[in-house]
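Could you use the hints to bring the two separately framed chains together as a complex?
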Amino acid sequence: MRIGLFATCLGDTLFPDAVKATAVLLTRLGHQVAFPPGQTCCGQMHVNTGYQREPVPLVRNFAEQFGDPSIDAVVLPSGSCAGSVRHQHGIVAERYGDAGLVDGVAKVRAKTYELSELLVDVLEVTDVGAYFPHRVTYHPTCHSLRMLRVGEKPLRLLRAVEGIDLVELPEADACCGFGGTFALKNAETSSAMLADKMRHVAETGAAVCTAGDSSCLMHIGGGLSRIASDTRTLHLAQILAATRTSPYALAEAAR
Amino acid sequence: MSSTFLGMPAAPPRSPYGTGNLRGEQKFPKAAHGELRNEQLRSNLGKATRTIRAKRLAVTGELPDWERLRDAGSAIKTDTMNRLPELLEELERRVTERGGTVHWARDGAEANEIVTRLVKATGSEEVIKVKSMATQEIGLNEHLEAEGIRPHETDLAELIVQLAHDRPSHILVPAIHRNREEIRRIFLKEIPGVDPHLDSVPAHLAAAARAYLREQFMTTKVALSGANFGIAETGTLSVVESEGNGRMCLTMPETLISVMGIEKVLPRFADLEVFLQLLPRSSTGERMNPYTSMWTGVTPGDGPQEFHLVLLDNGRTAALADKVGREALNCIRCSACLNVCPVYERTGGHSYGSTYPGPIGAVLTPQLAGMHAAKDDPNSSLPYASSLCGACFDACPVKIDIPSLLVELRHQNTEESGTTAEKTAMKAAASLMKRPKLYTKAQKASRAGRLMAGKDGKLSHLPPPFNGWSATRDVSEPPKQTFREWFASPEGQAELRAAAPQDDEGKEEDR
Ligand code: SF4
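Protein chains in written order, with the working numbering: chain X, 1 to 255; chain H, 256 to 766.
Bear in mind the hints are in silico, worked out from the structure with no lab data behind them.
None of these values were measured; they are calculated from a predicted model.
Cβ atoms here follow ideal geometry from the backbone N, Cα and C, with glycine treated the same way.
Don't take every hint at face value.
Said to hold, decoys possible - Partial chain H-side listing against chain X, Cβ under 10 Å, derived:
id: 1; residue: P457
id: 2; residue: V598
id: 3; residue: R601
id: 4; residue: A640
id: 5; residue: S641
id: 6; residue: S642
id: 7; residue: L643
id: 8; residue: R752
id: 9; residue: A755
Isolated chain H (complex conformation) (with noise of 0.2 Å):
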């Protein structure tokens, strides 16, 4: 700070904070609540992850420079962060010049009346999906509907989440909560024309799927797609995927419209290089991911010859303007965080709220939403839907700090929060602490807890806010002596000369 007080500088306006799926109905702890009890969740989501970790360390461990990989993803990003501007403006110029049209959308609302504009330009009622999370984020297929558009996801396992009126609960594996006879009866009931004796066999579920595709995409004359990546230098815009059917989208439609986080442009072209690497072993756990895209613009006489790209902030800016939280950005979505954290593996991606789930939804989510943007917020509870283990920031590709990023946004919580009974709490004990005399004092106090313990020593049943802890955990009541008493005592002094060792040793010399 300086040392020149000058007036209160005027805070900058601050950029808005996104809208759309960014938010859930209650805090996380609730709605954990009920999830924690799915069996079926849980037992899908154990055996997904487990399988997926496994298959990451070893595409990852075969790698003898992937740590600098990763340092180099993490230092691209944080490159591409400090110039945004003038990379999404060089993109523009490069799509321009290939025959593309870019439109800027400040939100959600703006990107979804973008793109209705230029479906209904077509004259198309109905549009073909590459999975995509910008999309979900804004709400687009919901937006699509109510102006009279019908969009078909394509990915098979948003396909499911949509035949089933479902949310989305990971990044890369949508349906990951549902299991085989789940996805057969909503087939069953949804798909027009399917064969009704149809079994839950893998091969069968996925060919009825298949069938059902393949007749959107002979027929559906505008395809919107996301985007994993955006290349200034060139133009060229990226998809990676594993089945396929992205491709058929990018490819056979005559008008692509795709929207894209302005957080997914990337400098050069040979930054792929090093994401192309990072991204597929870290998500699918794959040396490389099966169908990967790129488009620069129009090609005359091949693929679509109409191509518009929505460039999406939706409280991107908000969160760029946050040096510490502005490293949620460098995210590519690969969402191993996902899948090696301990609460995400136990609550599953619906109790976040937010098209973001896990350790960068809970980073994320807050920067582009807000966390005291609503009545008594969600998103204020994501910071603290952690243990902070720091699985997440070993297994992420680009090395975001979570952990160290969740410490900050609490921080920024409590900051916003006013006076609130833990800040008090807080203080108190801050205040005890720093006395060591009272400190010492309310240690002897402490003891009190021997006379509610029960014949074992031990204390079954706390009051709020410690029931909680209560409820699976004994605790043991405190001890007669404090460390500090016993090292003070003359019993202590004596122990501790007993355990020195002999003279003769010769190692008191060195005391």
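So that you can see chain X by itself, here it is in the shape it has in the complex (with noise of 0.2 Å):
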């Protein structure tokens, strides 16, 4: 399969090892990354916090840069990205676009795949091949989890990685309190809903906290790395992209 990948510009800019996971992680499975290099941003952050005229332009990009007929399928290692692309640039599209903007934009939403969901239901792979031998706790991510819906599949593809310890996360579907701007607006209280993730992360003992999203983590690692923890934070695509001949070394990482 020719996969389209989306860095975001996040993961692009700042934490370019989840994405190079998932490239890495694609190939080994056996498929074409494709990386159109015009792309930037998704606009969420634009329309989350109140704009919908200025990502029009960001709107139209990812439909161009990844509307070619021979990409079968687009990438984001992020589900808030991936939930953006498919709940929000209709809605721009319909408002401040035009009717291609709105054509094309369907047409791309309708194969754009936050990374758990490519794997699980188009790739159709559970077992990646994957080796990871430490203690690991997921925190499901709130996009993923109630506006991807992304379920179980996540913890599926993490179950099959072999020798992972895999704990649960105590209250793992509460919000780790990033919410994009809502972390610069309402700082105080998004502290306190971080104060309390990492509490539970903390009670689970484990090495890694993992997560689809890369913003996510940035908040919870943030927090992790002021307090001085010893749980530090990595993308479920870098989990899944270690294996026995190319494992990740966890001592030596950079955050």
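Written out as structure tokens, the structure is:
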């Protein structure tokens, strides 16, 4: 399959390791990864902060970059960006775009997937041949859980990882408090939510807290770093990309 | 939009916004600042919301048709909003036929005047009250007091709030922010003739309140209530409650005056079948609430012999005009969205500054009272009081998509706000991101952040508006190479080639 990879602006700029892991994983599974170089940002931050005119060119760019029919599926290693493409691009296009944009958005939306959806639903794999001999806890992230409804898919992928010690996160479905500009506009409430999430992560004794979204991980990881926790954050793709021949070196890892 | 431009159509006259307790004094983050430090509040709220969440999940999970009930509830409410005028007129006809009197109130002030006039006509200087959000919204108690009429709340939690000269902080559990010891002190100070040795055992507190309330039920001739439902088909009004104190108010006095928001009307009596399943299970987590009262006009020789229904608009028509926002009018005030909300759980209800707190308050309040209807309007901060986690949408028995409504109201807010620093920044960000070449340059520039980082590669202090972030969270320095640089590099391509399965596995052909 020829899979279009949307790195997301955050992944491309600040968390490239998660995107690299996505590319490596899909290649390892025998697929061709295409990276349209004109891609930038999905516009989620704009829409969620109340701006719908400004992201029109971003929505258009996404539809153009990935509209190419030779791309069979588009993958986003981010639940919230995938949610934006699936639920918000249509709203923006209807309101401030034109008929062509509405059409383009609908076409590309139909083949856009978050990573765990692509693997389980489209590529029909749960055992991706990964090896990760560490204690891991999984935070489901709100947009993956409630907007995309990925359900158990990420957990099914993790359970199939060789050597993993997967422990359940207490109150896993509670929001970590990120919420994009919410973390700035309501920083204190966001911090109070983060404190509870970190307490639950600590209760698991996990070496790694994973999720399918670098933005939530940036939030949780930033908090864990501040309290000098032993637990670090890692994107789901990085765990799934690790193998026996090319294992993930946890100790020397840079955040 | 039409392709023939016929000149700018004049905007239709906008229905007025509501008045009353629909606006706080400060914006949400500021109001929350104090509440977040209130340990008592956080622990009470944490315990109470967790308990009720578990109960709700148990009683909604046991119904095989729960999702279909939610769909039915949503469909009935949507149908109701689409033909509200005719249903309200039908309700008025039926209530009148059965001996009641219907009054129409444009806003809170008008409703307060109507109720005051009706109470004065009876000659009574006291009224007993059933727990009601609508009368809270319009500040009826304060108005009556100013007119020399004493309102007595009879719901236990409302009574505590009233005796403490406080404001409710939860739709269903108004005194959720108080503990037993505080309640004991309030009773000792405010209930005349209470046993001075009263302790804080819940049963003893309840007994003290009961003795006090009995007196009011036996002597007061006028009662005020709200309504959970008003049935257009039959003219029947309904109140659901737990304690039975509402039932006392609805049956014992000579005169009953009910204030009902116009969105509470339902088309048919049979619709109750859906809502009397949805409401108790979602609100208290019970299969059925203990007391469901229904009354239709006046029944000679049984119950109040004079009945008035005050239909309250107070901004509802303004909300109805918004085809996205009107979904918030479907709310049946079960409070499930409050109980699952991580923001509400930590900030409490007072931070919202309105009668309606929590997720539903954040969408309903701005619609009823506007976001730019007061100076530096605190209501404009309400749609941002959410991380958009979506727990409210999942819990709502009538499937109100609260996160989408919040995003919609945020959009309305930015459209109404003119030029702001934030808008300028958003425009700048978008115009950068729509030009991949410029964007790539900016990515490189972001590496300047590496210079600001400490030896450990972390940034711990950021300038405004990011200082709120860096108060509790580190930021790691930007990496040496972006993903696109890696992907375009020979090393990146080599790494991918090495990861690809060998030809002999036969997978290469799929590529
Ligand atoms: S919005 Fe839904 S969940 Fe919230 S109080 Fe109203 S009906 Fe209940």
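Comparing the hints with the structure gives:
The criterion of a C-beta within 10 Å of any C-beta in chain X is not met by H/P457, whose closest approach is roughly 28 Å, and the hint is violated. The beta carbon of H/V598 is positioned within 10 Å of a beta carbon in chain X (closest approach about 6 Å), and the interface hint is therefore held. Checking H/R601 against chain X: minimum C-beta separation of about 5 Å stays under 10 Å; hint holds. Because the smallest distance between the Cβ of H/A640 and any Cβ of chain X comes to about 6 Å, under 10 Å, the interface hint for this residue holds.
Interface hint at H/S641: satisfied, since its Cβ lies 7 Å from the closest Cβ of chain X, which is below the 10 Å cut-off. Residue-level restraint check for H/S642 holds (minimum Cβ-Cβ distance to chain X is 3 Å; threshold 10 Å). Interface hint at H/L643: satisfied, since its Cβ lies 6 Å from the closest Cβ of chain X, which is below the 10 Å cut-off. Hint status for H/R752: holds, given a least beta-carbon distance of 8 Å to chain X, under 10 Å.
Below 10 Å, beta-carbon pairs count as interface contacts, and H/A755 has one with chain X at about 5 Å; its hint therefore holds.
This entry does not satisfy hint 1, going by the numbered hints stated previously; all others are met.
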